[in-house]
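Q: Dock the two chains into a complex; use the hints.
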Amino acid sequence: MSIEELSVNSGLAAPPRKSPLRKLATDPQAVITSVLLMVIIILGLLTPWIAPHDPNEAQLNAINATPGTPGYPLGADQNGRDIASRLLHSISTSLTAGLIGASVALAIGITFGLIGGYFGRRLRSATEWVFSLIMTFPGLLLLIVLMPVTKGDYRATMLIFGVLLSPGVYRIVRNLVLGVKNELYVDAARVSGLSNLRILGRHVLFAVRGPIIVAAAFLIGSAISLQSGLAFLGVGSNLVPSFGAMIADGFTNLYVDPTQFIWPSVMLGTLTASLVLLGNSLRDAFEGAKLKPSKASAPTAITPRTTTLTTDSIQGSAADLLSVDDLALAYPTPAGQLREVVKGVSLSLRAGETLGLVGESGSGKTQTAFAILGVLPPEAVVTQGSIQLDGRHLIGLSEQGLRALRGREIAYIPQEPMSNLDPSYTVGAQLVEGIRASARMSRREAKAKVMALLARVGIQDPQRTFNSYPHQISGGMAQRVLIAGAVASRPKLLIADEPTTALDVTVQAEILDLIRDLQAELNMAVLLVTHNFGVVADICDRIAVMQDGRVVESGTALELFREPQHSYTQMLLGSILDENTVRTDQPTPVVTATGGKN
Amino acid sequence: MTTPLLNVKDLRVTFKGHGFRSREVEVLHGVSLTIAEGETLGVVGESGSGKTTIGRAVLGLVKPSGGRITFRGSDITHATAKERRTLSKDIQVVFQDPYTSLNPSLTIGDTLSEPLIVQGTSATEARARVRMLLDQVGLPGDAAERLPREFSGGQRQRVAIARALAPEPKLIVCDEPVSALDLSTQARVMDLFIDIQRRTGVAYLFVSHDLAVVRHISHRVSVVYRGDIVETGPADRVTSTPEHPYTQKLLLAAPIADPVEQEKRRADRHRLAELHREQHVQAGVSG
Chain F
11 MSIEELSVNS GLAAPPRKSP LRKLATDPQA VITSVLLMVI IILGLLTPWI APHDPNEAQL
71 NAINATPGTP GYPLGADQNG RDIASRLLHS ISTSLTAGLI GASVALAIGI TFGLIGGYFG
131 RRLRSATEWV FSLIMTFPGL LLLIVLMPVT KGDYRATMLI FGVLLSPGVY RIVRNLVLGV
191 KNELYVDAAR VSGLSNLRIL GRHVLFAVRG PIIVAAAFLI GSAISLQSGL AFLGVGSNLV
251 PSFGAMIADG FTNLYVDPTQ FIWPSVMLGT LTASLVLLGN SLRDAFEGAK LKPSKASAPT
311 AITPRTTTLT TDSIQGSAAD LLSVDDLALA YPTPAGQLRE VVKGVSLSLR AGETLGLVGE
371 SGSGKTQTAF AILGVLPPEA VVTQGSIQLD GRHLIGLSEQ GLRALRGREI AYIPQEPMSN
431 LDPSYTVGAQ LVEGIRASAR MSRREAKAKV MALLARVGIQ DPQRTFNSYP HQISGGMAQR
491 VLIAGAVASR PKLLIADEPT TALDVTVQAE ILDLIRDLQA ELNMAVLLVT HNFGVVADIC
551 DRIAVMQDGR VVESGTALEL FREPQHSYTQ MLLGSILDEN TVRTDQPTPV VTATGGKN
Chain H
9 MTTPLLNVKD LRVTFKGHGF RSREVEVLHG VSLTIAEGET LGVVGESGSG KTTIGRAVLG
69 LVKPSGGRIT FRGSDITHAT AKERRTLSKD IQVVFQDPYT SLNPSLTIGD TLSEPLIVQG
129 TSATEARARV RMLLDQVGLP GDAAERLPRE FSGGQRQRVA IARALAPEPK LIVCDEPVSA
189 LDLSTQARVM DLFIDIQRRT GVAYLFVSHD LAVVRHISHR VSVVYRGDIV ETGPADRVTS
249 TPEHPYTQKL LLAAPIADPV EQEKRRADRH RLAELHREQH VQAGVSG
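Chains as they are written, first to last, in the working numbering: chain F, 11 to 608; chain H, 9 to 295.
Please note: incorrect hints may appear among the correct ones.
[Said to hold, decoys possible] Listed below are the simulated DSS-like cross-link pairs for lysine-lysine, each with C-alpha atoms no more than 27 Å apart in a straight line: (1) Lys90/H / Lys24/H; (2) Lys191/F / Lys24/H; (3) Lys191/F / Lys71/H; (4) Lys272/H / Lys257/H; (5) Lys90/H / Lys191/F; (6) Lys90/H / Lys17/H; (7) Lys17/H / Lys71/H; (8) Lys97/H / Lys71/H; (9) Lys71/H / Lys90/H; (10) Lys24/H / Lys71/H; (11) Lys97/H / Lys17/H; (12) Lys97/H / Lys191/F.
[As the list claims (entries may be wrong)] Rough simulated footprint, nothing fancy, chain H against chain F, three-plus residues with beta-carbon under 8 Å: (13) 145–151; (14) 182–195; (15) 204–216; (16) 591–598.
Quick caveat, the hints were computed from the structure, so don't treat them as lab data. Beta carbons: idealized from backbone N, C-alpha and C, even for Gly.
Chain H extracted, bound-state conformation (with noise of 0.2 Å):
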């Protein structure tokens, strides 16, 4: 096997609390995963599991307080802020909030551009990429002199998506992109994301809470848990016959659109929960 386009081993993130002389928490426990170039490993975990951290810790928004992290083979772990100016071009990000994670104040072509220029590319040149940015995530050309507050959620999401892209990076991390859209703005935000890695061959880091999210966009998935791994696998076994009890409970507690189907499930996830239960009691009792 190749080496992976990103290879995070044993991932230790800590927070400081809040105050004076307050206890530190790790949120990540050591966690590894790989991502080979062009794929989408998806990344599923409920509120507080640290799923974003994984995420930010890629993109160096926060510090890993152990593990390492590589990207093509090399140590980015504790990357300089010059090395992680030359890593923008390859690793970028998509966030899950489209009202803020554009400058209000900025046109979306100044937006879109100011990394390109950043980066040494000329006016004129930024311009013509801008408008075929716009039109590669299916927004008008025109789009560029307007300014964020004259879109909707999806249409930002599809401008910060255009950002993303545009210095054409080969991994972008994506921090439940869909999750704040509408229902049918969700499936054709999704279609892009799809379209765009068969078009371009970038692989995604797929953060998200919603499993049936997750199986759409992902070759493989990962499930965390209060800071853990527990679960890796090819998207199709662990998100219909998952092995670990914690994504069988989450897996279980995603409700079915179709009532017959739910209830068959709501059964199901009573069952799990008994059993559950029963297994709690005897390790009580024998432990």
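Chain F extracted, bound-state conformation (with noise of 0.2 Å):
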């Protein structure tokens, strides 16, 4: 069980919903740049009627006119057309290649994204070609070439363009519908009987539209520059009026007017930078910029109350190898208060003795075994408590110190086997260098140790396991593996954390014995993490009984099952579906739905 599931399930007080949009009036970024892309729009829309020139009417006795002449508030060009009006069309030029390019593109690549990641594979490699074919066309040149066919109109231009931008959507919308294709809602949605268009359409467009969203932001600026970058090397029409042909011709002018160089330079750096800016407040918003949890007052350097000192030496027997005393834990909320998960734990285990930890998921089992193992992740905080392995402290131990009790002294065994083997190295490899990280031998040596071991855990070809990579083999062959590397360096005590929940039952029959002998034959304790009763009664000498963050019971296996005492244990026993029931009642065919219509 993870760090995440446990905070999200005792999270439960519903998390604030938070839409997109809420979050995006909250970002200065994403509100400055909106006001300032609507003020450009409105400005674009109004130009008709607050223009005070036609954008290609020129005056002989306007020729570079300074700004602040009458009727040229901003001057006017080498030609003698009015600047700002100029400016003030461009705009419209800018946003319409702006959306021409994108809704193009969008059109193109979301349709064929979402054929090619819904539909079979036939389907996906043609679609994949042509859109390869696409992403070879050198863009500029081609626009450039095919100015003949367009007439230099810019629309046409853009068109054009919007397909070539098509690839980078396409991929992005495949790539998502691949990933939303296979999951679990998707199938119940077929199954529900609804069609394929619905379903791409109210399903997987709604679960790739946050991308596509920001996707459009960064398309639209990507065509704004591409047609003023075109029209600032003269391609196209000149009678069109544009950014691009403004800068032109402002550079000629640099030195004898160098203001008409910066309007539109300052309006096209505005309107791109805005673009992209809102683009990147909407993936913030969109894809959710992780929440982080504000750093709690107190740091995670952790002092042992200096109480428990004192108790200990009372109440720890000399016998016990590791004693957990009144430990509690605590995770910061985004909120910046401590959420404890783990609130007072007290546990003791002798040499030679294993105790099942049981609990259901969020209550705190897992956090205290990873709080033994010192493997706790950085904002984790011990609030108070102390732990004890052979009477060293290990709260407040450092890292190194850790690492050197960490397999030698103390060794784990994960839930997940495969998710703990590297799958880039082969499992002889990641075991010598286990090994040799924790005692000095040379790389024969181990070799040799590595393959009594494996022959040890029971596989039956340790020369082919030893070379295989984690991929080859199975799940309980890897936890076999695991097992193997956990033991190899006699450990006094074994953390196991739901070691065979992911195997199946008889896999796990067999794993259990292989943990019994080991611990037999190495005189090992055994802290097993478990949820499942009939793992705990397989191999566990003593249990306790976790529930949110506390033990509230524990005792010898047998006593906590025969006599259970707290009402808690007493639930989850009679949870357990026992070997004695078996549904009596014959099957009873309903006719008429009566549970629909009551």
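A: Encoded structure:
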């Protein structure tokens, strides 16, 4: 069980639902850029009424007029055309270009992305091929070469550019759809009788809308830049007012009147920068910039309570290998407070003994085990209590000190054997490395030891397993490999976190046998974290039942199963589907669906 | 005997391997089973046995490569998309993972009313029906306005059950519906399944790896091993005195939640394993 799952479970008090729009409204970057964009768009829309001149109206007496000349607020260019009017008209050119380019790219990219991602393999290879082909076209060059076809009309150019941009959108959508397609809720929708079109529109498109909106902002930006770039190069009709053309004109007059060059540059810069920054804000809003828990007041530096030190010497009996006393653990919440997940847990464990730590998800059992291992995430805070192994305090020990203990005196078996093996190294290489990290020996010695261990944990062909990569072995085999690694250094304490939960029952039985044998052989203490009472009954000498961060009951296995005292333990044991309940009632076909009409 | 509700005969399913010119893998080698109206057939097996594939083939989510599936007498082995849509009124599903089986961005109400509206129910009627469905699975009526992430695993599974019940189906395929739930939640959800069956007469194809769960809910049990059904019979017999060696092994491998009983069972299991080994050795010598 991960920490993430834990916080989700215990944070059931409905996290505040915040729509992406609401999030945007509180993001200053989003607010400022959208206001800028709105102003620019409104100016563009009002151009026919507020522009003092026609953009192409040339007045000989106004050539290179300085800003402030009556009728020419920003001056005029070398052809005597009003710069302010041309700027206003360029807005609509840019926006039209951006919208055409982006819409074409989105329309093509989304449609084929959905098709390529959702439907079968053959259709996907076909679309893939076509889009790869499009990607190989040299964009800018193609647009210039095609000028005779587009007759210099920037809108036609933008249509083509949209096609050239579409592979980017296609790839985003296809990848997202491939991910969403295998979600069970899509299967469920299919079983519910929804048509493919409806599933695509409602379930799939809905799930991928965020990244598409983000991509749209960037696409508009790049279409606008490209249109300006082409106009700057002088490609296309020079009758169309455009930032690019204005910058080109301003360039030639740079020494006569530098402001001619500045106005269009500032406008173009503001427009594209706003779009890109808004795109970033959108991405944060939709894809959720992670909620950062604000650092809680108590830092991770941990000092055991002084009082526990004194009580320890009285309480902790000499025979105890591990003693956990009044341990409490907390995590900082996004609001900055500390939320306790383990609330004063005390455990003790003798050499050669197996203690079952039992509880449901969110009970804090895994957190307790992680605290003993010293592998809590950095934001976790131990608020009180002590952990002693063989009389040594583990809390407050440096990472170096802990590392010396882990793998030598404390060993660990995880729940998911597969995810604890590195897929890019062979099993043998990983075991050899682990052994050499904890004990000095040559590679050859280490290999001999690994082979002996693999044989000891019941692997039929150790040499073959040694040379295998993790994906080539089964889950049960992987767990045997990890057990081999764990017991290599003959640890005093083995912590097993749901070691058989991911395995089949027949394999589970074998793994439990193996743990039992190794324990007897090495006289290890085993702390077994599990939710399965069958496993507990099979292997544990004593049991501690955890609920909501506390140990509610502990005792020998027999006591606890036969005479549970606490109501929670009784409830848990009562929930076990026992051996003797078999369904006895006969199937009763009900012809009319009474359940539906009552 | 009347015609069974569902009749699966000689079902074969083949999966294409990954990559160029990869070999095909047959995961079901001719599986036959029947389910009567109002009956629960438990299908038990380990990972990779193909038990889930049986359910998915019945739902039309994988294409069979051979055999026949008949539902109420009509062949649905290769039902077209349109026929499937009609069938969806009668055959429904509850998946294992309550976290991914609900669309995270749709409210519970939207998820539940969607199939109803598709089948022509008016919006007001659908709303009323959703409230009734939520009530049927023991969730408060205001759950309809909330999103899946506001619910625990057990509650989400109740929503998934409500969704399956919405069109008043004849058969629900349950794919490990309680495996991801905590022990106490698991027992309550199982009781809900049985309660609903008694009230509505729906039949279940109940797929699980857990013999105890299957025993609790099934009238009959089929055991799947490596793509074949090795044993079928009344739940009581199959789960207490199984005939097939694999079922015996499976039964003895499942630990009992009692230290003393479990010790006995462990001894039995070791004895059985020893017996099988000897038989194996003998077979090896004579063969």
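Q: Each hint needs a verdict: does it hold in this structure or not?
A: For each hint, the structure was consulted:
no.: 1; hint: Lys90/H / Lys24/H; result: 25 Å, holds
no.: 2; hint: Lys191/F / Lys24/H; result: 18 Å, holds
no.: 3; hint: Lys191/F / Lys71/H; result: 17 Å, holds
no.: 4; hint: Lys272/H / Lys257/H; result: 14 Å, holds
no.: 5; hint: Lys90/H / Lys191/F; result: 20 Å, holds
no.: 6; hint: Lys90/H / Lys17/H; result: 23 Å, holds
no.: 7; hint: Lys17/H / Lys71/H; result: 14 Å, holds
no.: 8; hint: Lys97/H / Lys71/H; result: 20 Å, holds
no.: 9; hint: Lys71/H / Lys90/H; result: 15 Å, holds
no.: 10; hint: Lys24/H / Lys71/H; result: 11 Å, holds
no.: 11; hint: Lys97/H / Lys17/H; result: 23 Å, holds
no.: 12; hint: Lys97/H / Lys191/F; result: 22 Å, holds
no.: 13; hint: 145–151; result: violated (count 0)
no.: 14; hint: 182–195; result: holds (count 3)
no.: 15; hint: 204–216; result: holds (count 7)
no.: 16; hint: 591–598; result: holds (count 7)
Violated hints amount to a single one, hint 13; each of the other numbered hints is respected by the structure.
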